[in-house]
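Residue numbers (my numbering), protein chains in the order written: chain A, 1 to 217; chain B, 1 to 217.
Check before you lean on any hint, since a few could be wrong.
The list makes no distinction among identical chains, and a pair is therefore deemed to hold if it is satisfied within one copy or across any two copies.
What the hints assert, rightly or not - Heads up, simulated DSSO-like pairs for lysine-lysine below, C-alpha to C-alpha not over 27 Å straight-line:
id, residue 1, residue 2
1, K128, K103
2, K183, K208
3, K27, K43
4, K144, K40
Keep in mind the hints are simulated off the structure, nothing from the lab.
Everything numeric in this text was worked out from a predicted model, so none of it was measured.
Spelled out from the first residue to the last, the chains are:
Number of protein chains: 2
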Amino acid sequence: MYKSKRISDSTIHRLSLYYRSLAALEKSGHQTVCSKELGKREKLTPAQVRKDLSFFGSFGTRGLGYPVRELKDKIAEILGINRTWNVAIVGVGNIGSALIGYKEFQKQGFHIRLAFDNDQRKIGSLHKGILISDVKELKPLLRKNGIQMVIVAVPAGSAQAVVDEVVEAGVKAILSFAPTNLKVPEEVFLRTENMAIELEHLSFHLAKPYYRRPARP
Amino acid sequence: MYKSKRISDSTIHRLSLYYRSLAALEKSGHQTVCSKELGKREKLTPAQVRKDLSFFGSFGTRGLGYPVRELKDKIAEILGINRTWNVAIVGVGNIGSALIGYKEFQKQGFHIRLAFDNDQRKIGSLHKGILISDVKELKPLLRKNGIQMVIVAVPAGSAQAVVDEVVEAGVKAILSFAPTNLKVPEEVFLRTENMAIELEHLSFHLAKPYYRRPARP
């Protein structure tokens with residue numbers, strides 16, 4: 001009997017950060033690391049680090065720290081980056097273009113296999129080594145190439161129609177850059193990336209005085 | 001005596017989502033909204049919504065819900081999006097280009113005033129209405145134009161040097177797309193965006209069986 005635990009987006013995000021710190025530590029020859037050190041780069045408390053990691057089992061020994069390589073490999077397994085994934089991009093505009101050329105993807109096992117657009121001038125051409133296909137061929141090509149993740153980088157108005165086809169093709173994970181709310185069935189994991197929200201983290205910090213309130217006595 | 005409370009990144013992110021839901025509700029003529037409704041779109045529990053909002057004061061009336069417009073305006077104030085900000089982009093490659101053309105920025109009050117590159121072929125040309133300046137002019141131009149936020153979209157190897165100059169120019173908020181760890185002084189807010197980490201949320205969900213463990217009795 002297995003039951004999946006509910007892991008928050010923030011925990012997953014921190015696992016990705018730990019993975020990167022551990023990879024850097026391994027590269028510089030470290031064998032073990034304590035929770036304080038692991039949290040330091042990202043300004044996280046040792047308690048937060050220990051809590052996040054304890055979610056997935058028991059690692060490390062009190063006083064000795066975590067074994068760098070073992071923990072790195074375990075997190076890679078949890079994040080599903082100890083293997084490769086077939087990814088397609090729909091929409092080869094500015095953002096789609098940028099993502100096709102994004103070197104970190106390949107490094108983490110995310111291989112862009114297909115790209116789609118509806119612009120006749122782009123269809124049939126190569127973009128950084130990737131052939132751009134007609135979006136009309138989306139469903140059959142996603143299926144034929146065993147695509148597991150799709151990045152949607154089309155205008156807001158076309159996004160839901162694209163997402164519907166992606167879902168019909170059996171894809172279970174979608175990352176959307178379209179600034180609009182999208183509907184997917186329960187079993188499909190959809191993540192929406194909004195660049196303006198990134199800047200709102202900055203403006204929140206710059207505007208801080210506005211929400212300050214009297215300290216409690 | 002005022003004291004700023006520690007607000008997590010996830011809370012700030014959720015405020016941005018509430019803001020968008022409230023804007024949509026206002027547009028469709030809603031006067032009030034309950035925490036359940038406000039959380040629904042983003043699959044958040046009513047308790048989470050109430051907890052997030054109570055952080056910033058007391059809104060709403062039990063049984064009647066929150067006043068849509070008032071709450072929207074309050075969140076805009078907290079997020080600092082009830083005003084405009086002067087933003088510069090350094091690096092007009094694929095990502096920088098995409099961001100210059102990103103319409104949501106302007107909508108939320110983030111105005112791209114300047115863009116910089118080190119490519120002589122780009123310097124002096126207009127990109128979507130924005131003049132591309134020589135990155136050698138970074139410091140004086142940031143100061144002269146009262147830039148408050150900088151988006152760094154240069155290769156990893158040049159990012160720290162760019163960030164150092166941005167900090168010297170007195171800018172207190174930076175969003176970096178360079179896949180590398182950057183150092184800034186305590187008083188500067190730095191946020192790093194890594195597209196590969198976005199995909200790791202997807203692979204985590206697809207790879208889920210790997211971390212499932214026996215349910216407790």
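Violated hints - listed by number, lowest first: 4
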